[in-house]
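Top line first, the protein sequences correspond to chains A and B. At position 31 of the first sequence (counting the first as 1) the number is 31 in full-length UniProt numbering, and the numbers step up by one without a gap. At position 418 of the second sequence (counting the first as 1) the number is 418 in full-length UniProt numbering, and the numbers step up by one without a gap.
If you are wondering where the hints come from, they were derived from the structure by calculation, not from laboratory data. A couple of the hints might just be wrong.
To be verified - In silico SDA-like pairs for lysine to any residue, Cα to Cα no more than 25 Å straight-line:
no., chain 1, residue 1, chain 2, residue 2
1, A, Lys226, B, Lys79
2, B, Lys96, B, Leu157
3, B, Lys240, A, Ala313
4, B, Lys84, A, Tyr451
5, A, Lys444, B, Lys82
6, A, Lys322, B, Thr133
7, B, Lys137, A, Ile440
8, B, Lys79, A, Tyr451
9, B, Lys137, A, Ala313
10, B, Lys137, A, Arg320
11, B, Lys82, A, Gln457
12, B, Lys295, B, Gly339
13, B, Lys137, A, Tyr451
14, A, Lys444, B, Asn132
15, B, Lys426, B, Asn285
16, A, Lys322, B, Asn132
17, A, Lys307, B, Asp145
18, A, Lys307, B, Glu141
19, B, Lys137, A, Glu311
20, A, Lys444, B, Lys295
21, B, Lys85, A, Val445
22, A, Lys322, B, Phe129
23, A, Lys322, B, Trp148
24, B, Lys82, A, Val64
25, B, Lys84, A, Ile440
26, B, Lys362, B, Ile372
27, B, Lys79, A, Phe306
28, B, Lys240, A, Thr314
29, B, Lys79, A, Gln457
30, B, Lys82, A, Met446
31, B, Lys162, A, Gln457
32, A, Lys444, B, Tyr88
33, B, Lys79, A, Arg86
Okay, here's what each chain looks like letter by letter:
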Amino acid sequence: MAGIGFELRKILKKNKISSLFEAYGYAAILSAGGWVISILAIILVGLINISIYGNSADIIKFQVSVTYLISLSLILSGFHQLVFTRFVADRIYEGKEEEIVPNFFGILTLNTALSLLFSIIYIYLFLKDVKNIYFVTTFLFSLILLSNLWIINILAISVKKYRYVVLSYFFSYLLIIVFSYFIGYFGLAYLLISFFLGNLILFILLLYLILKNYQFFEVLSFDFIKAYKQYFPLALAGFFFNLGIWADEYIFWYSPLTGEDIIGKIRSSVVYDLPLFLAYLSIIPGMAVFFLRLEADFAEYYEKYFKGVVEGATLETLVRFKEQMIDIVRISIKEAIVLQGIFNIILYITAPLIFSIFNLPSAAIPLFYIDMIATQLQLLVMNILAILFYLDRRYETLIITIIMAVFNIILPIITIILGPYYYGYGTALAMLIASTIGLIYLDKVMRRLEYETFMLQR
Amino acid sequence: MKSNIDILIIGEGTYPYIRGGVSSWIHQLISGLPEFKFGVLFIGSRREDYGEKRYKFPDNLVYFDEIYIFDKEELPIPKRRKLKKEYYQQIETVHKSFNKEGNNLDAINRLIENISLEDFLYSNVSWEFIVNTYLEKYENESFIDYFWTIRNMHIPLWEIFKAINRIPRIKIVHSPSTGYAGFLAGLLKLNRNIPYILTEHGIYTRERKIDLLTSDWFSTRRRFLKSMEESSGLEFVWNKFFESIGRFSYYTADKILSLYEKARQIQIEYGAPKEKTMVIPNGVNIDRLKSCLEKRPSKNPKVIGLIGRVVPIKDIKTFIKAMRIVVNKIPDAEGWVVGPTDEDPEYYEECKNLVKVLDLEKNVKFLGFQNILDIFPKISVNTLTSISEGMPLSILEGFAAGVPAVTTDVGSCFDIIYGGLNEEDKKLGNAGFVCKVADAKDLAKHYIKLLENEALWKKCQQVALERVNKFYTQELFFSNYKKLYYEALSWQE
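Let the sequences and hints guide you as you build the complete structure.
Here it is, written out as structure tokens:
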């Protein structure tokens, strides 16, 4: 996401408190991405509808289906996300921007075909017995739409019109709330249709932005497939990353001890889900801080370093730039910890109040606490991955995501066996392992940076 | 065909693909010594830098092979490599031994066996060594330039190492230069325990220095190694490198030959053990040139001839300026430039412009490539205004054709014109004059002297003929090498 840093720095240079908030605001939204906003939106939809109509059964079904839609679409499009990001960055770097749009349509075609196939199989396996044809059809289209939305989001951010992107998100999710307010009354299928329509509008808004900003001479191209060869580890890393994030949830949903059927064979876990989602929302400030540091400061020294290499700086100068990069990483982790620490203390104190607002059993509060730690460690993993991705460390990225996925499957299973007191510890430990290994890699990569920059060339 | 190779000649960027002094020397040597069977190994930068073979192989050239040391696309795929720390010591030992007198031969061989090209390119130990050397000596230089300079100069060594096993059985190895060719010859000597003869035409180390300092002057002439110059801003590192492998050649060679006395002195200065050094000058085919003498008109034509390519290193412009001064005194004097003009078209244009500006269009002519047998009878002074030369054959050929010479003080010119081989040679007297480099006035003064003073001219002609017949005949050249080769062969048995 080269270029974001520059824009954010520009905003920061205005040197006003408001501009600081503006920068962090953008950073939060751009970094947290669609899925946190989606979670926020469905929680709001739930609150509004329950308070107005009191129809909580459908609302729960709606929330669960949306959770599935988001997680499945993320895992499904995980293969494309990082590779396509690189592909776009490479074309921009080469000055061949006209190749972006045709390949974007190419990837949409491929992704639509794959997610259509997946959705049909998925529906056959899990929603065969659901009679509500509107619901099933909307589910199918929503899955395809969302998995394409994550891809268009990458391209939309690359245009650098952040205000437009952010406003599009707000506008579309506001529409979902409004739609659900008017037609949600008719039941589950209509709630989901509201969700689908909102996202469709978002997709169209982002598409408009892209077509307006990128020149193109052909409509369809499949050149991007070459990028999959080149960046194959990244394709896998994207998949494992999303799998790793959602694995524990699926474990809890499908465990007979912790999950229950909601719609067809779609299941959820009341005890596990909401504390975790709330914990996710708690890391948004940390995400924003880190994102800003990475895109603004880290990127600056990274550029300086590579410019120095190419333009013939002395080794001493290069090492100095590298050390500044390392300092930024250190500072950003420290800042995230301090900020999250303050935020966590507040959440810790106010947790009982929040739980009563959301009508949650206070027994889930300890789980919420451990989930807060788990999500923060996950934030650390994400940050490490972002830096490694920046430095184009494909294999390290892949290994960390595999570790994260594998442990976030095994350890939650163990905690289920151990009993309710251990819930949440599995995912926390998985993230601890992944982040520790990530830090070790990061340390190694940084230490070997000059060696690899120079020696591993030909 | 590969069996029974007596002498392997290793040519770096010369025979049989590039015409020039060293190449004709190799061709002459092989053709003139039919009793020996020769092999030639050509070392080139990249295959595409060379065209067709320029020479028809003599029958006794029984083996030919070529290696290219800058074919970059063949580099192995980058991959992290970890080597044991002890290799660092090994590398250090070898490097130190190159920087001192005498080499640690065991260490070199061990290093070649242990360290692959991949190790050199990608290993941690190699990186550490590069960084430490950089920090020690060049820490204020651009690191990327230093790094690639080190890489570029070392990469060819592995092609050289590979060649050792490829070369069939030979009895003697003979290299016409130090540099990579001399390095390979030295390794062959060590590995097979065979005699190594080194004949230096120019002084490689010194030429490389000029080369690097005036790289755009030379780049058209010496296409070889050009790709390296382009990537380097660190001339000093290159010089040190070539000095080091040059010393290795001096250390391993059994005989270190040069073409003239001054070159021998420079070799000694650069570290060649005195007792190994020896001068064997080039020789010319006297019989072939005799006819020129007979064809000379009774009255000397007022023509000064410069036989050479129209390129900056020959400093044709100074010749043109000198001609202006000559024509002021002798209006009908002419200056002929005999040699190809297509090698550096831009320089040729500049020369032609200079002729126009100096209003010499009637006096200075560019004749292109000509048969020298037709030219020598028509000129009275054979000149050479180069800023650098080895042993210019055209001057000796001119002598054999009865033409005295006026040259700049480069290469062996002083020896040839004033006599420098021994006392007897000196006593013969002068066969012309040697002037300062780039000094048009000095040159013109001596041109005029020879054109106007018939007696002086006659005297110089006499000396020229005597000297070339006594010291610079092809027969002498062949018999010198024949003797040397037989000696080397006997030493082996």
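For each hint, the structure was consulted:
1. Restraint check: the Cα-Cα separation between Lys226/A and Lys79/B comes to about 22 Å, which is no more than 25 Å; the hinted pair holds.
2. Of the supplied pair hints, the one linking Lys96/B and Leu157/B holds, its CA atoms being roughly 17 Å apart against a limit of 25 Å.
3. At roughly 22 Å between alpha-carbon atoms, Lys240/B and Ala313/A fall within 25 Å of each other, so this suggested pair holds.
4. For the hint pairing Lys84/B with Tyr451/A, the CA-to-CA distance comes to about 17 Å; that is within 25 Å, so the pair holds.
5. Taken as a hint, the Lys444/A and Lys82/B pair is honoured in the structure, with Cα atoms around 14 Å apart against an allowance of 25 Å.
6. A threshold of 25 Å between alpha carbons decides the hint, and for Lys322/A with Thr133/B the separation of about 21 Å falls inside it, so the pair holds.
7. For the hint linking Lys137/B to Ile440/A, the alpha-carbon distance of about 33 Å lies beyond 25 Å, and the restraint is violated.
8. For the given pair, Lys79/B sits about 11 Å from Tyr451/A by alpha-carbon distance, which is consistent with the 25 Å threshold.
9. Restraint check: the Cα-Cα separation between Lys137/B and Ala313/A comes to about 16 Å, which is no more than 25 Å; the hinted pair holds.
10. Pair hint Lys137/B plus Arg320/A holds up; C-alpha atoms about 19 Å apart against a cutoff of 25 Å.
11. Of the supplied pair hints, the one linking Lys82/B and Gln457/A holds, its CA atoms being roughly 16 Å apart against a limit of 25 Å.
12. For the given pair, Lys295/B sits about 22 Å from Gly339/B by alpha-carbon distance, which is consistent with the 25 Å threshold.
13. Of the pairs offered as hints, the one joining Lys137/B and Tyr451/A holds, with about 19 Å between alpha carbons and a cut-off of 25 Å not exceeded.
14. For the suggested pair Lys444/A and Asn132/B, the alpha carbons sit about 20 Å apart, so the restraint of at most 25 Å is met.
15. At roughly 22 Å between alpha-carbon atoms, Lys426/B and Asn285/B fall within 25 Å of each other, so this suggested pair holds.
16. This hinted pair checks out: Lys322/A and Asn132/B have alpha carbons roughly 18 Å apart, not beyond 25 Å.
17. Proposed proximity of Lys307/A and Asp145/B is supported: the alpha carbons are some 14 Å apart, at most 25 Å.
18. Using a Cα cut-off of 25 Å, the hinted pair Lys307/A and Glu141/B holds, with the two alpha carbons roughly 16 Å apart.
19. At most 25 Å may separate the alpha-carbon atoms for a hinted pair to count; Lys137/B and Glu311/A meet this at roughly 20 Å.
20. A hinted pair counts as satisfied when its Cα atoms are at most 25 Å apart, and Lys444/A with Lys295/B does not qualify at roughly 82 Å.
21. With a C-alpha separation of about 20 Å, the suggested pair Lys85/B and Val445/A falls inside the 25 Å cut-off, and the hint holds.
22. Our distance criterion of 25 Å between C-alpha atoms is met by Lys322/A and Phe129/B, whose separation comes to about 20 Å.
23. Between Lys322/A and Trp148/B the CA atoms are separated by roughly 21 Å; this keeps the pair inside 25 Å, and the hint holds.
24. For the proposed pair Lys82/B and Val64/A, the alpha carbon gap of about 51 Å is over 25 Å, so the pair is violated.
25. A threshold of 25 Å between alpha carbons decides the hint, and for Lys84/B with Ile440/A the separation of about 22 Å falls inside it, so the pair holds.
26. Of the supplied pair hints, the one linking Lys362/B and Ile372/B holds, its CA atoms being roughly 22 Å apart against a limit of 25 Å.
27. For the suggested pair Lys79/B and Phe306/A, the alpha carbons sit about 20 Å apart, so the restraint of at most 25 Å is met.
28. For the hint linking Lys240/B to Thr314/A, the alpha-carbon distance of about 21 Å falls within 25 Å, and the restraint holds.
29. Between Lys79/B and Gln457/A, the direct Cα distance comes to roughly 9 Å. Compliance with the 25 Å bound is thereby established for this hinted pair.
30. With a CA separation close to 17 Å, the supplied pair Lys82/B and Met446/A stays within the 25 Å bound.
31. Restraint check: the Cα-Cα separation between Lys162/B and Gln457/A comes to about 22 Å, which is no more than 25 Å; the hinted pair holds.
32. For the suggested pair Lys444/A and Tyr88/B, the alpha carbons sit about 21 Å apart, so the restraint of at most 25 Å is met.
33. In summary, the hint linking Lys79/B to Arg86/A is supported, as the alpha carbons are separated by about 22 Å, within the 25 Å threshold.
Of the numbered hints listed earlier, those contradicted by the structure are 7, 20, 24.
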